[in-house]
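Line order of the protein sequences matches chains A and B. Residue 1 is where the first sequence starts when you use my numbering, and the numbers rise one by one after that. Residue 1 is where the second sequence starts when you use my numbering, and the numbers rise one by one after that.
Honestly, the hints are just simulated from the structure, not real lab data. Beta carbons are placed, not taken as given, at the ideal position from N, Cα and C, and that holds for glycine. Incorrect hints may appear among the rest.
Computed footprint of chain B on chain A, listed as stretches where at least three residues anywhere in the stretch have a Cβ under 8 Å from a Cβ of chain B [what the hints assert, rightly or not]:
| hint | segment |
| --- | --- |
| 1 | 103-116 |
| 2 | 141-149 |
So, partial list: chain B residues that the calculated Cβ filter (under 7 Å) puts toward chain A [said to hold, decoys possible]:
| hint | residue |
| --- | --- |
| 3 | Asn112 |
| 4 | Leu115 |
| 5 | Thr116 |
| 6 | Tyr117 |
| 7 | Val118 |
| 8 | Cys119 |
| 9 | Pro120 |
| 10 | Tyr122 |
| 11 | Leu145 |
| 12 | Lys146 |
| 13 | Asn149 |
| 14 | Lys171 |
| 15 | Met172 |
| 16 | Asp175 |
| 17 | Leu176 |
| 18 | Pro186 |
List of simulated lysine-lysine pairs, DSBU-like, C-alpha gap at most 30 Å [said to hold, decoys possible]:
| hint | chain 1 | residue 1 | chain 2 | residue 2 |
| --- | --- | --- | --- | --- |
| 19 | B | Lys127 | B | Lys220 |
| 20 | A | Lys174 | A | Lys161 |
| 21 | B | Lys174 | A | Lys155 |
| 22 | A | Lys69 | A | Lys38 |
| 23 | A | Lys44 | B | Lys16 |
| 24 | B | Lys170 | A | Lys174 |
| 25 | A | Lys201 | A | Lys42 |
| 26 | A | Lys170 | B | Lys174 |
| 27 | B | Lys105 | A | Lys131 |
| 28 | A | Lys170 | A | Lys216 |
| 29 | B | Lys171 | A | Lys174 |
| 30 | B | Lys44 | A | Lys171 |
| 31 | B | Lys220 | B | Lys44 |
| 32 | B | Lys127 | B | Lys170 |
| 33 | B | Lys11 | A | Lys5 |
| 34 | B | Lys155 | A | Lys170 |
| 35 | A | Lys44 | A | Lys161 |
| 36 | B | Lys171 | A | Lys170 |
| 37 | A | Lys105 | B | Lys174 |
| 38 | A | Lys174 | B | Lys278 |
| 39 | A | Lys278 | A | Lys201 |
| 40 | B | Lys127 | B | Lys11 |
Protein chains: 2
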Amino acid sequence: MIVIKTISELKEYTAKNDNISLVPTMGALHLGHGALIKEAVKQKNQNGKVIVSIFVNPIQFGPNEDYNKYPRTLTEDVNFCENLGVDVVFVPSACEMYGIEENQKDNFNFSNNYLTYVCPPYFLVNKLCGKSRVGHFDGVATVVLKLFNLTGAKKAYFGQKDAQQLFLIKKMIKDLNLNVDIKSIPIVRDKNGLALSSRNKYLDDDGYNKALIINKMLTKVKNLYERGITNVKILFEEAIGLNNDNMIDIEYFEFIDFNNLENTFEAKENTLVAIAAKVNNIRLIDNLLL
Amino acid sequence: MIVIKTISELKEYTAKNDNISLVPTMGALHLGHGALIKEAVKQKNQNGKVIVSIFVNPIQFGPNEDYNKYPRTLTEDVNFCENLGVDVVFVPSACEMYGIEENQKDNFNFSNNYLTYVCPPYFLVNKLCGKSRVGHFDGVATVVLKLFNLTGAKKAYFGQKDAQQLFLIKKMIKDLNLNVDIKSIPIVRDKNGLALSSRNKYLDDDGYNKALIINKMLTKVKNLYERGITNVKILFEEAIGLNNDNMIDIEYFEFIDFNNLENTFEAKENTLVAIAAKVNNIRLIDNLLL
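Please build the complete structure, drawing on both the sequences and the hints.
Take a look at the structure:
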């Protein structure tokens with residue numbers, strides 16, 4: 001396995017390898033990423049290569065979000081990738097990624113005043129996570145398109161946990177006529193049901209126990225749905241009842257048609273049950289696709 | 001030469017031809033386009049193919065602009081391309097291009113509420129033509145990226161006449177890490193010096209004569225500059241004096257550093273002298289690169 005830090009080295013590599021699968025990550029890798037990487041390694045063709053990018057992308061963080069304190073565990077991440085059979089880890093700096101000189105790297109130069117951005121459709125952005133994270137999905141779409149172009153990836157792996165991101169990336173592929181095959185991988189949970197996330201590192205014991213409510217709500221919905229209850233009002237009320245005393249601070253808890261991101265009033269196949277909540281001020285998301 | 005109307009046919013063609021040069025146009029082809037096409041045909045490699053796209057792109061026209069009455073001369077355009085040795089003319093409908101059903105084609109569905117857009121940097125957009133044509137360059141960048149992806153073009157040809165467009169496309173290539181080599185081709189003028197434009201068809205004799213002032217202003221600047229005058233204030237005053245009685249309605253007349261699109265006060269190499277003016281309500285642009 002090789003570690004590449006510059007765009008010129010990456011281009012040199014991809015010029016010689018035209019069968020690339022990409023797993024874009026922000027590092028702090030856990031078994032959720034592991035599921036994406038394992039699947040990419042498993043699915044690669046004889047002459048295929050798997051590239052994992054590790055890049056904490058400044059332009060997808062809002063000014064009051066956790067860009068600076070986002071967990072960075074590069075040494076462990078590199079070992080993790082090597083053990084899973086990855087061919088290349090691509091770890092650019094923010095300046096390298098956005099073509100900005102090190103001595104010019106104030107945040108403003110990374111903004112859409114100075115850089116070409118890719119902007120997913122407003123009506124699909126302005127809901128779920130996009131409502132509170134203004135500009136987030138522009139930053140995501142922009143960096144993902146850059147990574148597609150830099151690697152020439154034919155396949156790319158995304159987690160179902162970031163459901164809105166997954167939807168918007170697929171929409172970008174269609175709208176901009178990209179030739180990348182998107183593979184989505186189910187959410188990985190720990191033994192108590194908490195969806196794996198790099199941000200789980202922020203939780204103390206109290207936070208961890210409260211965070212378990214999120215998956216309990218989803219499981220409640222799933223069980224009722226499997227017993228034939230599809231009325232969203234009922235499913236909503238039953239599930240939200242588990243958050244007694246407002247132990248977690250729910251930002252949204254919505255039932256969404258995952259074909260178009262519209263709210264639905266009747267749960268059915270491909271309904272996304274999506275939650276975002278702050279737990280002791282740590283923002284977590286989770287979802288269930290019926 | 002073949003004429004292709006659908007994306008699926010185009011993809012079939014480009015899958016078999018990986019050395020494509022693209023000349024993106026809105027049709028109503030004239031000798032200005034001819035210069036781009038000739039250069040593309042001349043520069044193509046042994047196994048190379050030249051694709052001319054003809055597409056009046058709805059999303060780059062403002063609500064009060066001339067999308068509906070923009071000249072459409074497809075039969076002549078196809079003959080024009082055939083005579084110049086083009087391999088493929090790609091002529092999609094707006095619905096085909098944006099993946100919208102024919103029965104859904106109200107303007108709103110083409111907006112950034114429903115489609116992923118590519119947005120060039122605000123500080124580079126909000127000047128020259130972008131000031132009056134709000135949203136124009138988002139539409140241009142979006143369709144150009146789509147055409148790059150659809151054709152897999154390695155080279156693409158743009159006219160120097162649309163100088164801000166050329167600058168923003170180059171910026172998009174850099175910012176989004178595209179692998180397309182942009183060739184810019186000098187402005188072509190008629191025997192009286194008027195820059196060729198599809199919109200010249202709108203001019204009557206009176207308009208035509210007034211429109212000649214634009215190039216006279218640029219020529220005045222050029223002559224003074226060649227005599228050693230570089231002070232922009234002087235160059236501006238001398239040139240604008242040619243528009244006595246406000247025969248043309250000047251929208252902007254600016255001296256721009258074509259390295260960064262900043263205004264400059266001292267004319268030098270790579271200074272762009274750019275004009276937009278309405279002539280009997282027909283909007284024309286022209287420029288001179290020193």
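Hint check results:
1. By the rule of at least three residues with a Cβ nearer than 8 Å to a Cβ of chain B, the coverage given for the segment 103-116 of chain A holds, with 5 such residues.
2. Check on the segment 141-149 of chain A: 5 of its residues sit with their Cβ under 8 Å from a Cβ of chain B, so the three-residue criterion for coverage holds.
3. Taking 7 Å as the C-beta cut-off, the interface hint given for Asn112 (chain B) holds, the closest approach to chain A being about 6 Å.
4. For the restraint placing Leu115 (chain B) at the interface with chain A, the shortest Cβ-Cβ distance is roughly 5 Å, inside the 7 Å limit, so the hint holds.
5. The restraint placing Thr116 (chain B) at the interface with chain A holds, with a minimum CB-CB distance near 4 Å, inside the 7 Å limit.
6. Interface hint status for Tyr117 (chain B): upheld, as the beta-carbon distance to the closest one in chain A is roughly 5 Å, under 7 Å.
7. Annotation: interface hint on Val118 (chain B) holds; nearest CB of chain A at approximately 6 Å, less than 7 Å.
8. Taking 7 Å as the C-beta cut-off, the interface hint given for Cys119 (chain B) holds, the closest approach to chain A being about 5 Å.
9. The interface hint given for Pro120 (chain B) holds, since its Cβ lies 5 Å from the closest Cβ of chain A, which is under the 7 Å cut-off.
10. Taken as an interface hint, Tyr122 (chain B) checks out: its beta carbon lies about 5 Å from the nearest beta carbon of chain A, inside 7 Å.
11. With a cut of 7 Å, the hint placing Leu145 (chain B) at the interface with chain A holds, because the nearest CB-to-CB distance is about 6 Å.
12. Residue-level restraint check for Lys146 (chain B) holds (minimum Cβ-Cβ distance to chain A is 5 Å; threshold 7 Å).
13. At a threshold of 7 Å, the smallest CB-CB gap from Asn149 (chain B) to chain A is about 4 Å, leaving the interface hint in force.
14. Below 7 Å, beta-carbon pairs count as interface contacts, and Lys171 (chain B) has one with chain A at about 6 Å; its hint therefore holds.
15. Interface restraint check: Met172 (chain B) against chain A, minimum CB-CB distance 5 Å, threshold 7 Å, status holds.
16. For the restraint placing Asp175 (chain B) at the interface with chain A, the shortest Cβ-Cβ distance is roughly 4 Å, inside the 7 Å limit, so the hint holds.
17. Because the closest C-beta pair between Leu176 (chain B) and chain A is about 6 Å apart, less than 7 Å, the hint holds.
18. This hint is violated: Pro186 (chain B) has a C-beta 25 Å from the nearest C-beta of chain A, more than the 7 Å allowed.
19. Between Lys127 (chain B) and Lys220 (chain B) the alpha-carbon distance is near 23 Å, which keeps this suggested pair within the 30 Å criterion.
20. At roughly 21 Å between alpha-carbon atoms, Lys174 (chain A) and Lys161 (chain A) fall within 30 Å of each other, so this suggested pair holds.
21. In summary, the hint linking Lys174 (chain B) to Lys155 (chain A) is supported, as the alpha carbons are separated by about 23 Å, within the 30 Å threshold.
22. At most 30 Å may separate the alpha-carbon atoms for a hinted pair to count; Lys69 (chain A) and Lys38 (chain A) meet this at roughly 28 Å.
23. For a cut-off of 30 Å, the pair hint linking Lys44 (chain A) to Lys16 (chain B) stands: about 23 Å separates their Cα positions.
24. For the proposed pair Lys170 (chain B) and Lys174 (chain A), the alpha carbon gap of about 23 Å is at most 30 Å, so the pair holds.
25. Taking the CA atoms of Lys201 (chain A) and Lys42 (chain A), the gap is near 28 Å; set against the 30 Å cutoff, the hint holds.
26. Using a Cα cut-off of 30 Å, the hinted pair Lys170 (chain A) and Lys174 (chain B) holds, with the two alpha carbons roughly 23 Å apart.
27. Taking the CA atoms of Lys105 (chain B) and Lys131 (chain A), the gap is near 28 Å; set against the 30 Å cutoff, the hint holds.
28. Between Lys170 (chain A) and Lys216 (chain A) the CA atoms are separated by roughly 29 Å; this keeps the pair inside 30 Å, and the hint holds.
29. Proposed proximity of Lys171 (chain B) and Lys174 (chain A) is supported: the alpha carbons are some 23 Å apart, at most 30 Å.
30. Our distance criterion of 30 Å between C-alpha atoms is broken by Lys44 (chain B) and Lys171 (chain A), whose separation comes to about 34 Å.
31. The straight-line distance between the Cα atoms of Lys220 (chain B) and Lys44 (chain B) is roughly 37 Å, outside the 30 Å bound, and the hint therefore fails.
32. Among the hinted pairs, Lys127 (chain B) with Lys170 (chain B) is consistent with the structure: their alpha-carbon atoms are about 17 Å apart, no more than 30 Å.
33. Restraint check for Lys11 (chain B) and Lys5 (chain A): the C-alpha separation of about 34 Å exceeds 30 Å, so the hint is violated.
34. Proximity of Lys155 (chain B) to Lys170 (chain A) is assessed by CA-CA distance (about 27 Å); at most 30 Å being required, the pair is judged to hold.
35. In summary, the hint linking Lys44 (chain A) to Lys161 (chain A) is supported, as the alpha carbons are separated by about 23 Å, within the 30 Å threshold.
36. Among the hinted pairs, Lys171 (chain B) with Lys170 (chain A) is consistent with the structure: their alpha-carbon atoms are about 25 Å apart, no more than 30 Å.
37. For a cut-off of 30 Å, the pair hint linking Lys105 (chain A) to Lys174 (chain B) stands: about 17 Å separates their Cα positions.
38. Of the supplied pair hints, the one linking Lys174 (chain A) and Lys278 (chain B) is violated, its CA atoms being roughly 38 Å apart against a limit of 30 Å.
39. For the hint linking Lys278 (chain A) to Lys201 (chain A), the alpha-carbon distance of about 14 Å falls within 30 Å, and the restraint holds.
40. Straight-line distance between C-alpha atoms of Lys127 (chain B) and Lys11 (chain B) comes to about 36 Å, which puts the hinted pair past the 30 Å bound.
The structure is inconsistent with the numbered hints 18, 30, 31, 33, 38, 40, although it conforms to all the rest.
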